[in-house]
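S.K.: Start from the sequences and build out the full structure, keeping to the hints where you can.
First to last, the sequence lines map onto chains A and B.
The first sequence begins at 1 in the numbering used here and counts up one residue at a time.
The second sequence begins at 1 in the numbering used here and counts up one residue at a time.
Because the hints were derived from the structure by calculation, they are not lab data.
Be aware that one or more of the hints could be misleading.
[As the list claims (entries may be wrong)] As a list, the in silico DSS-like pairs of lysine-lysine whose alpha-carbon atoms are at most 27 Å apart:
| no. | chain 1 | residue 1 | chain 2 | residue 2 |
| --- | --- | --- | --- | --- |
| 1 | B | K7 | A | K403 |
| 2 | B | K122 | A | K364 |
| 3 | B | K122 | B | K95 |
| 4 | A | K403 | B | K95 |
| 5 | B | K483 | B | K409 |
| 6 | B | K7 | A | K364 |
| 7 | B | K33 | A | K364 |
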Amino acid sequence: MINRRDNSTLLGSIDWITILVYLLLVFMGWLNIYASVYDDTQSGIFDLGQRSGMQIVWMGICAVVGLVILLVDSRFYHVFAYPLYVASILLLIAVLIFGDEINGAKSWIMIGPVGFQPTELAKVTTSLAIARFMSYYGFSFHKFSDFIRVVLILGLPFCVVVMQNDMGSAIVYTSFLIVLYREGFTGYIYIAVALMITLFIVSFLITPVSVIILILLFCVVCEGIMNGCWREKIIYLSYIALLSIGIFLLSWTLFSGAISMVLAIEISILLSMGLVAIYAYRYRFKNITLFIVLLFSSITFVATIDYLFENVVQTHQQKRILDLLGVENDLRGWGYNVNQSKIAIGSGGLYGKGFLEGTQTKYKFVPEQSTDFIFCTVGEEWGFIGTIAVISLFCTLIIRLMKMGERQADSFGRIYCYSVASILFFHIFINIGMTIGLVPVIGIPLPFFSYGGSSLVAFTILLFIAIKMDLTKRESAI
Amino acid sequence: MKNFRIKVLQIFVVTVFVIIGARLLYLQVIDSKYKEKSANNVMRYEVKYPSRGEVFDRNGKYIVQSRESYDLMAIPIDVEPFDTLRMATLIGVPKEKLVKEFQKAVRYSRRRASVIIKQLTKEEKLRFDELNIKGFYTINRTIRSYPQKIAGNLLGYVGEVNDRIIKQNNYYRSGDYIGMTGLESAYESVLRGTKGVKINMVNVHGVSQGSYAEGAYDTLPVPGTSITCSIDAELQKFGEELLEGKVGSIVAIEPSTGEIIMMVNTPTYDPDELVGRQRGNNYMKLLNNKRRPLFNRAVMANYPPGSIFKIVNGLIGLQEEVLTPNIKYPCAGGYTVGRGVKCHNHISPVNLDYAVRASCNAFFCYVMRDIIDNKKYGSVKKGLDVWSEYVKSFGFGVDLNTDFNGELKGYVPTADFYNKYYNSRWNSLTVISLSIGQGELGCTPLQMANLAAIISNRGHYYTPHVVSKIHNQDSIDSRFYEKHNTMVDALHFNPVVEGMFDAVHKEQGTARVAYIPGLDVCGKTGTAQNPRGEDHSTFMCFAPKNNPKIAVSVYVENGGFGARIAAPVASLIVEKYLTDTISSSRLPLINYVKEQKIDYSVYDK
Chain A
1 MINRRDNSTL LGSIDWITIL VYLLLVFMGW LNIYASVYDD TQSGIFDLGQ RSGMQIVWMG
61 ICAVVGLVIL LVDSRFYHVF AYPLYVASIL LLIAVLIFGD EINGAKSWIM IGPVGFQPTE
121 LAKVTTSLAI ARFMSYYGFS FHKFSDFIRV VLILGLPFCV VVMQNDMGSA IVYTSFLIVL
181 YREGFTGYIY IAVALMITLF IVSFLITPVS VIILILLFCV VCEGIMNGCW REKIIYLSYI
241 ALLSIGIFLL SWTLFSGAIS MVLAIEISIL LSMGLVAIYA YRYRFKNITL FIVLLFSSIT
301 FVATIDYLFE NVVQTHQQKR ILDLLGVEND LRGWGYNVNQ SKIAIGSGGL YGKGFLEGTQ
361 TKYKFVPEQS TDFIFCTVGE EWGFIGTIAV ISLFCTLIIR LMKMGERQAD SFGRIYCYSV
421 ASILFFHIFI NIGMTIGLVP VIGIPLPFFS YGGSSLVAFT ILLFIAIKMD LTKRESAI
Chain B
1 MKNFRIKVLQ IFVVTVFVII GARLLYLQVI DSKYKEKSAN NVMRYEVKYP SRGEVFDRNG
61 KYIVQSRESY DLMAIPIDVE PFDTLRMATL IGVPKEKLVK EFQKAVRYSR RRASVIIKQL
121 TKEEKLRFDE LNIKGFYTIN RTIRSYPQKI AGNLLGYVGE VNDRIIKQNN YYRSGDYIGM
181 TGLESAYESV LRGTKGVKIN MVNVHGVSQG SYAEGAYDTL PVPGTSITCS IDAELQKFGE
241 ELLEGKVGSI VAIEPSTGEI IMMVNTPTYD PDELVGRQRG NNYMKLLNNK RRPLFNRAVM
301 ANYPPGSIFK IVNGLIGLQE EVLTPNIKYP CAGGYTVGRG VKCHNHISPV NLDYAVRASC
361 NAFFCYVMRD IIDNKKYGSV KKGLDVWSEY VKSFGFGVDL NTDFNGELKG YVPTADFYNK
421 YYNSRWNSLT VISLSIGQGE LGCTPLQMAN LAAIISNRGH YYTPHVVSKI HNQDSIDSRF
481 YEKHNTMVDA LHFNPVVEGM FDAVHKEQGT ARVAYIPGLD VCGKTGTAQN PRGEDHSTFM
541 CFAPKNNPKI AVSVYVENGG FGARIAAPVA SLIVEKYLTD TISSSRLPLI NYVKEQKIDY
601 SVYDK
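M.R.: As C-alpha cells, then:
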C-alpha cells in the first residue's frame with residue numbers, strides 16, 4: 001500500500017509528457033549548440049573549453065535544481081513568493097550598480113569566467129509574486145488598488161531591467177498580459193493593443209495622408225456599424241473632403257502651402273466637431289463619444305509614435321523595425337543578421353543539410369549562432385522537418401502548461417502556470433519570429449536551446465515549479 | 001466567460017505557432033532562393049588555367065611556345081612585416097610598385113587573395129620560393145614565347161580580357177588571357193583549351209575551409225590544342241631580313257592548296273616584346289611608331305595594284321572575245337585618246353604576249369575600252385558592271401574569307417560609284433586608269449599573291465589560309481578545300497602565262513632581274529602611282545611555270561619601279577623556297593636589295 005502510494009506520488013502522478021518534452025528540447029538544444037560552434041579544429045563535444053561542453057555542466061546543474069524543486073514542498077513557493085520577489089529586485093538593483101556590462105547591457109554578474117544574469121531569475125520570482133497577489137481572496141481588477149499593485153509588481157522589474165539597458169528582457173514582462181486576460185482583465189485593452197500595433201505598422205508603410213484618411217474611414221465605419229444612418233456618414237465624409245481641400249488650396253494661394261494636407265484634414269476634422277455634436281444630440285450619445293475618442297486617440301497616437309520613434313527609440317532598434325517592415329533594405333548593415341539568418345533557415349530546405357553540415361552556421365555567416373540565433377542551426381541542418389518538430393514540441397509544452405493551470409485547485413497554481421506558459425510563449429514567438437523575419441530583432445534567448453547557463457537554469461526552475469505544483473495537486477486529489 | 005477566455009488563449013497560441021510554421025514552410029520549402037544565396041556565401045571558384053596550344057611552322061618547327069609563368073599572390077591578413085626592398089629586388093620590380101600593389105590588395109580585401117605582381121619568370125619564382133615569405137604565394141599561368149622571333153602581326157598577341165569581352169562572352173572572367181590579334185585571335189577557341197575549376201568553401205571572413213564535396217565537382221583544365229601553321233619559318237625570317245628598313249609586305253601562297261607560306265610585314269617587331277611585364281611599355285612604343293609596325297599590311301592595307309592588274313584585264317578581254325592573242329595595238333609612247341596614258345619606249349604595235357612582257361600601257365587601254373564599251377551590253381555602265389563581276393571573281397573587292405580576322409576587302413569600283421562621283425556623266429575614257437591597275441582600285445598584298453596563284457593554277461584558287469592542321473582534328477575548315485573558279489576559262493590563261501614567262505626570260509622583259517636558271521619563274525612587275533610620294537614597287541610571280549609550287553607578291557611602298565626592289569625580293573624568295581638556298585651567283589642580289597634606301601619622310605610628318 002505504502003509503496004504504491006509512494007510510487008504514485010513521485011513518479012506516477014508526475015506529468016511525464018512535459019518532462020519528456022523538456023528533456024527532448026534540452027537535448028536538441030545541446031546538439032545544436034555543438035553544431036553551431038563546431039569547426040574542424042574542435043577537439044570534442046564534451047570539451048569544457050567549448051560551449052557544448054559548458055552546456056553539459058549547466059544541464060547537470062539543471063538536473064540537480066529540477067530534482068530539488070520536485071522534493072521541496074510546494075507550499076514553500078506560496079509562502080516565500082514575496083521575499084523571493086523582493087530579494088530578486090534587490091539583486092537586480094545591485095547588478096545595476098555593481099554588475100558587469102556585456103554587449104551594452106549592464107545585467108551580468110561575473111563569477112570567474114562564468115557569467116550569470118539575475119534578470120532570468122527575476123522572471124520566476126515575478127511570476128510567483130503576481131500569482132500570490134492575484135490569488136488572494138477578493139482580488140478584482142475593478143478595484144483600483146488591486147490593479148495598481150499588479151502594475152507595480154510587474155513594473156518594478158521591468159523598470160530596473162530597462163535601466164540595465166536590456167530592452168529585450170524587459171519587453172518579456174508584457175507577456176503577463178496573457179495571464180491577466182485569463183484572470184479577467186478587460187478585453188478592450190487587448191483590442192486597443194491590437195489596433196495600436198496595426199496602426200504602428202501601417203504608419204510606417206503608407207504616407208501620413210493615407211494614414212489619417214484610413215483612421216477617419218475606420219472610425220466612421222465603426223460608428224456606422226453601431227448606429228446605421230449611412231447617408232449621414234457620406235454627407236459627413238464629403239464635408240470633410242471639401243473642407244480639407246478648401247483649406248489646403250486656400251493656404252496654397254495665401255501662404256504658399258504653409259498648411260500641409262495632413263494638417264488641413266486635421267483642421268477639418270476639428271471644425272467638423274460641431275456637426276458631430278448636432279448629430280450626437282439627435283442619436284445615441286455614447287456611441288458618438290466612442291467615435292470621437294477613437295478618432296482623436298488614433299490621430300494622437302500616430303503623432304506620438306512618430307515623435308517617440310524619432311527621439312526616444314535607439315538607432316539600432318529603429319533600424320531593426322524599419323528593416324523588418326521592408327522600409328529599409330540594408331543587407332550589409334542593419335539587415336545583415338536577419339538576412340543571413342533567413343538564408344541559413346531557408347537553405348535548409350525540407351530535410352536540412354545534415355548534422356554539422358550547415359555552412360551558414362559552421363562558417364560563421366550567422367552571428368550569435370549559439371545564443372539568440374540558435375534556431376538557424378536547427379533550420380539549416382534539420383530542415384523543415386526539424387523546425388516543425390521543434391515548434392510542435394514548444395506548442396505542446398505551452399498548451400500542456402495551460403491545461404496544468406486549469407487543473408490546479410487554487411488560483412495561485414493556475415496563475416503561476418499561466419505565467420510560465422506566457423513567458424515561454426513570448427520568448428519562443430519573439431526569438432523564432434526574429435530569425436525568420438516576422439518580428440524585429442530583440443535579443444532574448446530561445447528557451448532550452450540558446451546557450452547560456454542563467455537562461456537554462458531559470459527556464460528549468462520556472463517549468464519545474466509548475467510541474468511540482470501540478471504534482472502536489474494530483475497528490476492531494478488521491 | 002472563463003471557458004471562452006481559455007479557448008481564446010489556446011486558439012491564439014496555436015494560431016501563432018501555425019503562422020510560424022507557415023512562414024517556415026515558405027522559407028524552407030517553397031522559396032528556393034535561399035539555397036542559392038547560401039551557396040553564394042560559401043563557395044569560391046578557383047580557376048585552374050590550362051596551358052595554351054602551341055604553334056608549329058610547316059616544317060614542324062616551334063614558332064609559338066607556351067612558357068611557364070607565375071603570378072605572385074598575397075592574402076594580406078597572413079602577411080607579416082617583411083623586407084620589401086629585398087623582395088622587390090629578388091622578383092625584379094621597383095619597391096614602390098610592390099608596396100602600391102600590396103596596398104591595393106589590402107583595400108580590396110584583407111582576407112581574400114589578390115594578384116600582386118603578374119608574370120614572374122621561373123628564376124624569379126625560384127628565388128622568391130627560397131625567401132618563403134608568409135602570406136605570399138605563386139600560381140601557375142602560361143605565357144607565350146616566340147623562339148623564331150618572327151611574324152609578329154601574323155601570329156598576333158595574347159592579352160588580358162577587358163570588360164567588353166567579359167560582357168560579350170561568358171566564358172571569360174577577369175584575369176583570363178585571350179588572343180587579341182592575328183592567329184591567336186582567329187584560333188582562340190582552339191588554342192585556349194578549357195579552364196578547370198576547384199570549388200572551395202570559405203567562412204564569413206573569406207578564409208578557405210577546404211574543398212566542396214571532397215572535390216566531386218572540381219574539374220581539371222584541358223590544355224589548348226596545338227596547331228600547325230603553313231608558314232615556313234625560315235623563309236619568313238629571310239623575307240623579314242630582306243625588307244628590313246623598308247615599308248611593305250611579302251605574301252607567298254602554295255597555289256595547289258591556298259596555304260600561305262609566308263606573310264611578311266615591315267616594319268615588324270619581335271613578338272616577345274608583347275609578352276611579360278614590359279608589354280605595356282613596348283605596346284605603346286609600337287603604337288606610337290609612325291610607320292605602324294602593328295598594322296598587318298598584308299591583309300589590311302588598301303594598295304593600288306598597278307601594272308600587275310593588267311593581267312586581269314587581258315584575261316577578261318580574252319574571255320569576252322574582244323581580244324585574241326594575235327591582235328596587235330599600236331603604242332607610240334602611250335595611249336593618246338582623251339587625256340591619254342603615257343608609256344615607256346618599246347616596239348609597236350604589240351600583241352598580248354609582248355604587252356605583258358614589256359608592260360605596255362596603251363595596249364591595255366584598248367582592251368579595257370573594248371571590254372566596257374562592248375556593244376553587247378548596250379552602255380558603258382552595264383559594261384563596267386560586267387567587268388566588275390569578272391574582277392571580283394579573282395578575289396578582288398571581296399572578302400576572301402581567310403582564317404584571318406580583320407581582313408580588308410579592297411575596292412573594285414562599279415558603275416554606281418562613278419554615277420555618283422561624276423553625276424552619271426562619264427564614259428570609258430573617264431575610267432581608263434583602271435586598265436593599268438590605277439584609279440579607284442584598291443587591294444591587299446594577299447589578294448595580289450592570290451592573283452599570282454590564280455594565274456599559276458590557270459583560273460582557280462583555294463581560299464588562302466595560314467593554318468594547315470589542328471592537332472586533334474582530321475581536317476581544317478571545309479571552306480579551305482573548296483575550289484573557286486574565276487569567270488575566265490583555263491585555256492585563256494596560257495597566253496598571259498607566256499607573257500609573264502617572257503617578262504622574266506626574254507628581251508625587253510620588265511622582270512629579267514627575277515630570272516633564276518632552271519626555275520621557270522613567271523612574273524609581272526608593277527609600279528603603282530600613289531599620292532604619298534614615289535611610286536610603290538610591286539611584283540607578283542609564281543614558279544615553276546608548270547606545276548607551280550609557290551606564288552608570291554611583293555609590295556614595297558615608295559620603292560619605285562617594280563623591277564627595282566620588288567622583283568629581286570620575290571625572286572630571292574622563290575629561289576630560297578624551291579632550292580633551299582641562294583646560288584652564289586645571286587648572292588650579291590641580297591646585298592643589293594638591302595642597300596636600296598627609300599625615302600620614307602612621308603611617314604615622319
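S.K.: Now look at each hint and say whether the structure bears it out.
M.R.: To see whether the hints hold, each was checked on the structure:
no.	hint	result
1	B:K7 / A:K403	holds (11 Å)
2	B:K122 / A:K364	violated (39 Å)
3	B:K122 / B:K95	holds (20 Å)
4	A:K403 / B:K95	violated (77 Å)
5	B:K483 / B:K409	holds (19 Å)
6	B:K7 / A:K364	violated (43 Å)
7	B:K33 / A:K364	holds (20 Å)
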